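**Student:** Each chain is listed here by its residues.
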Amino acid sequence: MKVRGRVAVIAMACLLNGISVPYAIAQAGDATDRGSSKAVSPQQKWPLPVDDEEYRLFTLVDVLEYRPSTAKRESGSDYRWDIEGWYGGDYNRLWFKSEGQRDTAFKADSDVDFQLLYGRFIQKYYDIQVGGRVETQSFRGATVTRAQTVIGIEGLVPYNYELEAALFIDLDGKVSGRLSLTKDFMLTQQLIFQGRVESNMAVQRVERFTTGSGLNNLEFGVRLRYEIRREFAPYVGFSLERSFGETATLVRQEGGDPSQVRLVAGLRAWF
Amino acid sequence: MHNERTVISRRLLLQRTGALGVLAAMQQLLPACMVDSLVPVIPPGIPSATLSGEVIDLQISEARLRVDNRSASAMTINGTIPGPLIRLREGQDVTLRVNNLLAEPTSIHWHGILLPFDMDGVPGVSFKGIDPGTTFTYRFPVRQSGTYWYHSHSRGQEMRGMYAPLIVDPIEPEPFRYDREHVVILSDWTSESPGTLFANLKKLPGYYNFQRRTLTAFFDDASRMGWWPALQDYLAWDEMRMDPTDFADVTGHTFTYLLNGLSPSANWTGLFQAGDRIRLRFINAAAMTFFDVHIPGLTMTVVQVDGQNVQPVSVEEFRIGVAETIDVIVEPRKEHAYTIFAEAMDRSGYARGTLATRTGMTAVIPPRRSRPVRTMADMGMHMEHQGMGGVETSGASSKPKSSDETIKAEHGNHKHGASHSAGQHEISDEHLMVRRHSEIPGHESVKHGPDDHGTGNQTIAEYSRNMMHEPGRGLEHSPRRVLLYSDLKSLAPYPDQREPEREVELHLTGNMDRYLWSFDGKKYSGAPDPIPFRYGERLRLTFVNDTMMEHPLHLHGMWMYLENGSGAFLPRKHTVIVKPAERLSVAITADAPGRWAFHCHLLFHMEAGMFRVIEVSGHEHGGYS
Numbered sequence: 001m002k003v004r005g006r007v008a009v010i011a012m013a014c015l016l017n018g019i020s021v022p023y024a025i026a027q028a029g030d031a032t033d034r035g036s037s038k039a040v041s042p043q044q045k046w047p048l049p050v051d052d053e054e055y056r057l058f059t060l061v062d063v064l065e066y067r068p069s070t071a072k073r074e075s076g077s078d079y080r081w082d083i084e085g086w087y088g089g090d091y092n093r094l095w096f097k098s099e100g101q102r103d104t105a106f107k108a109d110s111d112v113d114f115q116l117l118y119g120r121f122i123q124k125y126y127d128i129q130v131g132g133r134v135e136t137q138s139f140r141g142a143t144v145t146r147a148q149t150v151i152g153i154e155g156l157v158p159y160n161y162e163l164e165a166a167l168f169i170d171l172d173g174k175v176s177g178r179l180s181l182t183k184d185f186m187l188t189q190q191l192i193f194q195g196r197v198e199s200n201m202a203v204q205r206v207e208r209f210t211t212g213s214g215l216n217n218l219e220f221g222v223r224l225r226y227e228i229r230r231e232f233a234p235y236v237g238f239s240l241e242r243s244f245g246e247t248a249t250l251v252r253q254e255g256g257d258p259s260q261v262r263l264v265a266g267l268r269a270w271f
Numbered sequence: 001m002h003n004e005r006t007v008i009s010r011r012l013l014l015q016r017t018g019a020l021g022v023l024a025a026m027q028q029l030l031p032a033c034m035v036d037s038l039v040p041v042i043p044p045g046i047p048s049a050t051l052s053g054e055v056i057d058l059q060i061s062e063a064r065l066r067v068d069n070r071s072a073s074a075m076t077i078n079g080t081i082p083g084p085l086i087r088l089r090e091g092q093d094v095t096l097r098v099n100n101l102l103a104e105p106t107s108i109h110w111h112g113i114l115l116p117f118d119m120d121g122v123p124g125v126s127f128k129g130i131d132p133g134t135t136f137t138y139r140f141p142v143r144q145s146g147t148y149w150y151h152s153h154s155r156g157q158e159m160r161g162m163y164a165p166l167i168v169d170p171i172e173p174e175p176f177r178y179d180r181e182h183v184v185i186l187s188d189w190t191s192e193s194p195g196t197l198f199a200n201l202k203k204l205p206g207y208y209n210f211q212r213r214t215l216t217a218f219f220d221d222a223s224r225m226g227w228w229p230a231l232q233d234y235l236a237w238d239e240m241r242m243d244p245t246d247f248a249d250v251t252g253h254t255f256t257y258l259l260n261g262l263s264p265s266a267n268w269t270g271l272f273q274a275g276d277r278i279r280l281r282f283i284n285a286a287a288m289t290f291f292d293v294h295i296p297g298l299t300m301t302v303v304q305v306d307g308q309n310v311q312p313v314s315v316e317e318f319r320i321g322v323a324e325t326i327d328v329i330v331e332p333r334k335e336h337a338y339t340i341f342a343e344a345m346d347r348s349g350y351a352r353g354t355l356a357t358r359t360g361m362t363a364v365i366p367p368r369r370s371r372p373v374r375t376m377a378d379m380g381m382h383m384e385h386q387g388m389g390g391v392e393t394s395g396a397s398s399k400p401k402s403s404d405e406t407i408k409a410e411h412g413n414h415k416h417g418a419s420h421s422a423g424q425h426e427i428s429d430e431h432l433m434v435r436r437h438s439e440i441p442g443h444e445s446v447k448h449g450p451d452d453h454g455t456g457n458q459t460i461a462e463y464s465r466n467m468m469h470e471p472g473r474g475l476e477h478s479p480r481r482v483l484l485y486s487d488l489k490s491l492a493p494y495p496d497q498r499e500p501e502r503e504v505e506l507h508l509t510g511n512m513d514r515y516l517w518s519f520d521g522k523k524y525s526g527a528p529d530p531i532p533f534r535y536g537e538r539l540r541l542t543f544v545n546d547t548m549m550e551h552p553l554h555l556h557g558m559w560m561y562l563e564n565g566s567g568a569f570l571p572r573k574h575t576v577i578v579k580p581a582e583r584l585s586v587a588i589t590a591d592a593p594g595r596w597a598f599h600c601h602l603l604f605h606m607e608a609g610m611f612r613v614i615e616v617s618g619h620e621h622g623g624y625s
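From first to last, the protein sequence lines stand for chains A and B.
When we follow the numbering used here, the leftmost residue of the first sequence carries the number 1, and every step to the right adds one.
When we follow the numbering used here, the leftmost residue of the second sequence carries the number 1, and every step to the right adds one.
Just so you know, the hints here were simulated from the structure itself, not pulled from any lab data.
It cannot be assumed that every hint is accurate.
Residues of chain B placed beyond 10 Å of chain A at every Cβ, according to the derived structure [claimed, not checked]:
1. S61
2. N99
3. P116
4. T134
5. F140
6. D238
7. G275
8. T299
9. R368
10. R369
11. K489
Computed from the model, here is a short list of chain B residues facing chain A with C-beta under 8 Å [stated by the list, open to error]:
12. P47
13. A49
14. G53
15. K202
16. Y207
17. F210
18. T214
19. E239
20. R241
21. K523
22. Y524
23. A597
24. F611
Subject to a maximum C-alpha distance of 25 Å in a straight line, what follows is the list of computed DSS-like cross-link-like pairs (lysine-lysine) [stated by the list, open to error]:
25. K522/B - K447/B
26. K45/A - K522/B
27. K202/B - K183/A
28. K45/A - K128/B
29. K124/A - K522/B
30. K128/B - K124/A
31. K202/B - K522/B
32. K124/A - K183/A
33. K124/A - K447/B
Note that the coordinates shown come from a computational prediction; the quantities given were computed from them, not determined experimentally.
Quick reminder that beta carbons are idealized off the backbone N, C-alpha and C, glycines included.
Could you build all of it, start to finish, from the sequences and the hints given here?
**Tutor:** This is the structure in structure tokens:
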């Protein structure tokens with residue numbers, strides 16, 4: 001079951017990557033904005049002098065890593081990913097995001113999510129994102145799934161921290177949130193040290209998703225990557241993570257470990 | 001007396017001997033040609049042809065250019081890079097037939113040439129473009145003289161090789177004497193496609209910058225400046241989310257810088273005899289690169305800028321912005337080789353050639369300089385507001401004066417009424433009255449208005465001021481005498497000495513986090529309506545650079561008279577560099593009816609939307625004067 005869930009998400013991501021919305025559609029959209037000013041002249045059949053509204057596809061595999069099992073643990077080694085990207089222009093973008101994890105301090109077994117969002121560029125540094133999220137996790141041997149509405153913000157805050165914050169509201173009105181901050185420190189032009197802090201919160205307890213109310217977990221990670229090319233960087237690092245309160249209890253009941261230190265090795269890539 | 005005939009016959013000789021070499025080279029290259037599926041490979045060093053006369057034919061075709069043993073897809077004019085030198089005579093009429101053998105539309109723009117607007121060659125502004133398999137005929141009278149160039153105005157074609165020199169010989173004898181001349185055309189070449197470059201910049205604006213601040217750089221700075229000031233400085237830039245090492249969007253990481261189509265190792269060589277006065281016609285045909293040029297051992301006397309005569313200025317170095325041309329005279333006295341050294345502004349590479357008395361001679365290549373760093377002055381920070389000591393390079397900027405005289409032209413205060421077409425602000429008359437007291441507009445720093453130009457613009461120059469008396473960032477500590485815009489004076493006063501009747505202020509804006517470039521925070525697609533000029537009017541165009549980069553602004557069809565304090569001798573240019581946080585004004589005589597392009601000549605800034613159309617209307621008879 002776990003494997004199938006994961007495959008499904010990857011398939012969705014691949015599908016989305018494969019979509020190439022014909023360029024003409026984007027152009028047609030622009031023409032409506034533009035044609036308003038004057039009567040039809042031959043110039044309007046001319047091409048545009050510059051093409052400043054080209055649509056692009058961007059995919060960032062920020063985390064794609066192998067987490068070897070530690071000696072004292074009974075469960076085996078596992079994987080984790082955090083992928084996001086967009087298709088669109090400078091101001092309006094269709095965002096997609098997916099995270100997958102297994103045997104973390106927050107999720108005892110596997111947990112996979114996928115988000116599809118509309119993003120609008122605002123305030124010079126941020127994208128406001130609105131859309132939907134599907135989350136699947138295993139709970140007591142079964143697979144549980146929920147759909148959520150997402151309202152988020154993503155961008156660069158002062159001192160060059162990448163911020164990603166989102167509020168998730170499920171169909172029963174249960175509210176949770178996620179916040180992550182990352183920062184790159186350049187040791188050399190190609191050797192880059194990334195610090196990463198991530199935290200989940202919830203207003204209500206949702207047992208099926210091993211979520212207590214209040215602060216769910218806190219994770220601190222460092223990853224040292226070497227950019228062979230800008231687009232392609234293997235890395236090593238470690239993460240310290242811990243879940244709290246009710247969440248920790250639920251994780252423990254599921255057979256998980258609410259406090260972990262894990263080594264990671266992976267690949268950061270974008271295209 | 002200058003001896004032009006010798007020069008031309010020498011060129012012809014070179015051309016013919018060159019052609020033999022090409023034939024021999026082609027045979028060796030045959031297997032490679034077949035691999036490249038019949039697209040010809042241009043080996044380095046084919047001299048470009050010289051074309052002149054009343055009717056000139058140009059063919060645009062695809063080829064592969066080989067630079068340092070690596071070949072990549074290219075677009076050529078008549079099969080060479082640079083394309084053929086077009087040599088015209090002032091007063092003649094010329095017909096240029098451009099035949100497009102590419103699989104995509106193309107165009108040729110005659111950079112700096114005054115002509116009817118429908119001959120200007122900008123697809124979407126002056127004509128439709130030249131479709132594949134068709135020929136477009138340009139026809140215009142040649143009404144000026146000097147060094148110019150021509151290039152494609154379609155997407156990234158210019159970067160792929162479609163550029164070439166255009167020289168117009170004057171009717172009257174030149175006001176300076178020389179014995180021989182060489183064209184020195186600088187460019188940047190990469191095997192990556194322009195589309196790839198642009199996409200990389202859009203996704204990661206610092207993609208090509210491999211001179212960013214690192215931990216080791218921090219230790220160096222800390223030992224020089226002290227730990228606390230260094231940390232404060234690094235944090236200040238971090239807080240602003242800006243990169244002080246951002247001098248070139250595309251760098252020597254991917255570019256090979258070419259001089260007359262040759263890489264530094266291929267070493268273009270221009271011959272002379274000791275005692276010759278040599279005229280060097282420098283053209284910056286690069287897509288994205290400013291060059292700082294010097295010739296160790298030689299003083300250069302600048303005699304023309306953008307094809308226009310100026311009062312001679314002796315310098316040892318000059319910065320040439322993208323699309324500018326600078327003509328200098330040098331007098332090597334010895335039987336000696338001299339290196340023409342054109343270092344990229346960000347110091348990530350250089351173009352190089354040699355002046356020598358015989359081929360094969362070389363001279364020492366000067367040491368490379370370390371990369372420059374932006375200061376808070378580039379951000380338009382008021383020194384008093386700066387509050388962060390220990391800025392790396394000692395502030396070259398003279399302290400902005402905030403005395404009573406400061407002109408309060410807060411453009412943002414003006415109403416954005418319906419009468420104002422998108423992307424411009426008009427300054428009311430009373431401001432103009434105040435402005436007249438200052439010889440150089442922007443001599444006193446001007447506070448930015450409340451309009452921050454929206455999400456498309458990252459920062460504003462809180463205080464902008466004129467910097468034409470400064471050499472520019474990276475040259476402020478040059479031991480050499482560097483050409484300044486304030487050095488330029490036209491040789492003779494131009495006829496239109498009217499004071500501008502009105503002023504249009506344009507802010508240069510951008511967002512480095514997203515690689516957005518615009519005017520007044522709007523891309524071309526957000527402000528497609530032309531900026532209106534009235535036929536016959538004299539107006540002032542004031543540029544305020546709110547970004548942290550230098551922008552070479554190019555106006556088609558009309559001269560920009562640089563208001564640099566030269567009184568009746570304002571020099572005129574087709575392309576003007578505006579430095580970070582600079583306020584710079586040009587006067588324009590709107591004497592060319594029609595629609596004209598106006599844009600930043602950095603290729604990807606233009607493609608990103610730093611582009612406008614200017615329409616000169618109100619001319620009774622249509623046509624042009």
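**Student:** Next step is simple, just say for each hint if it's right about the structure.
**Tutor:** Hints, one by one, checked against the model:
Listed as a non-interface residue, S61/B keeps its Cβ farther than 10 Å from every Cβ of chain A; the least gap is roughly 21 Å. For N99/B, the condition that its CB be more than 10 Å from all CB atoms of chain A holds, with the nearest at approximately 19 Å. With a cut of 10 Å on Cβ distances, P116/B stays outside the contact zone with chain A, its closest approach being about 16 Å. Remark: the non-interface label on T134/B is consistent with the geometry, its nearest Cβ contact in chain A lying 14 Å away (cut-off 10 Å).
Its beta-carbon lying about 20 Å from the closest one in chain A, F140/B satisfies the requirement of being farther than 10 Å from that chain. The beta carbon of D238/B is not kept farther than 10 Å from every beta carbon of chain A, the shortest such distance being approximately 5 Å. Once the 10 Å rule is applied to beta carbons, G275/B is consistent with being away from chain A; the minimum gap is 48 Å. The beta carbon of T299/B is kept farther than 10 Å from every beta carbon of chain A, the shortest such distance being approximately 37 Å.
For R368/B, the shortest C-beta to C-beta distance to chain A comes to about 16 Å, beyond the 10 Å cut-off, and the non-interface label holds. For R369/B, the condition that its CB be more than 10 Å from all CB atoms of chain A holds, with the nearest at approximately 18 Å. With 10 Å as the threshold on Cβ separation, the claim that K489/B sits away from chain A holds: the shortest Cβ distance comes to roughly 34 Å. For the restraint placing P47/B at the interface with chain A, the shortest Cβ-Cβ distance is roughly 33 Å, beyond the 8 Å limit, so the hint is violated.
Interface restraint check: A49/B against chain A, minimum CB-CB distance 30 Å, threshold 8 Å, status violated. Nearest Cβ of chain A to the Cβ of G53/B: about 31 Å, over the 8 Å cut. The hint is violated. Nearest Cβ of chain A to the Cβ of K202/B: about 6 Å, under the 8 Å cut. The hint holds. The beta carbon of Y207/B is positioned within 8 Å of a beta carbon in chain A (closest approach about 5 Å), and the interface hint is therefore held.
Of the supplied interface hints, the one on F210/B holds, with its beta-carbon coming within about 5 Å of a beta-carbon of chain A, less than 8 Å. The interface hint given for T214/B is met, as the beta carbon of that residue sits about 4 Å from the closest beta carbon of chain A, less than 8 Å. The interface hint given for E239/B is met, as the beta carbon of that residue sits about 5 Å from the closest beta carbon of chain A, less than 8 Å. Because the beta carbon of R241/B sits about 5 Å from the nearest beta carbon in chain A, less than 8 Å, this interface hint is met.
With 8 Å as the threshold, the beta carbon of K523/B comes within range of chain A, its nearest partner Cβ sitting at about 5 Å, so the hint holds. Taken as an interface hint, Y524/B checks out: its beta carbon lies about 5 Å from the nearest beta carbon of chain A, inside 8 Å. This hint holds: A597/B has a C-beta 6 Å from the nearest C-beta of chain A, less than the 8 Å allowed. Hint status for F611/B: holds, given a least beta-carbon distance of 5 Å to chain A, under 8 Å.
Among the hinted pairs, K522/B with K447/B is consistent with the structure: their alpha-carbon atoms are about 21 Å apart, no more than 25 Å. For the proposed pair K45/A and K522/B, the alpha carbon gap of about 23 Å is at most 25 Å, so the pair holds. Our distance criterion of 25 Å between C-alpha atoms is met by K202/B and K183/A, whose separation comes to about 20 Å. For the suggested pair K45/A and K128/B, the alpha carbons sit about 8 Å apart, so the restraint of at most 25 Å is met.
For the hint pairing K124/A with K522/B, the CA-to-CA distance comes to about 13 Å; that is within 25 Å, so the pair holds. Simply put, K128/B and K124/A have alpha-carbon atoms about 35 Å apart, too far for the 25 Å limit, and the pair is violated. For the proposed pair K202/B and K522/B, the alpha carbon gap of about 17 Å is at most 25 Å, so the pair holds. In summary, the hint linking K124/A to K183/A is supported, as the alpha carbons are separated by about 19 Å, within the 25 Å threshold.
For a cut-off of 25 Å, the pair hint linking K124/A to K447/B stands: about 21 Å separates their Cα positions.
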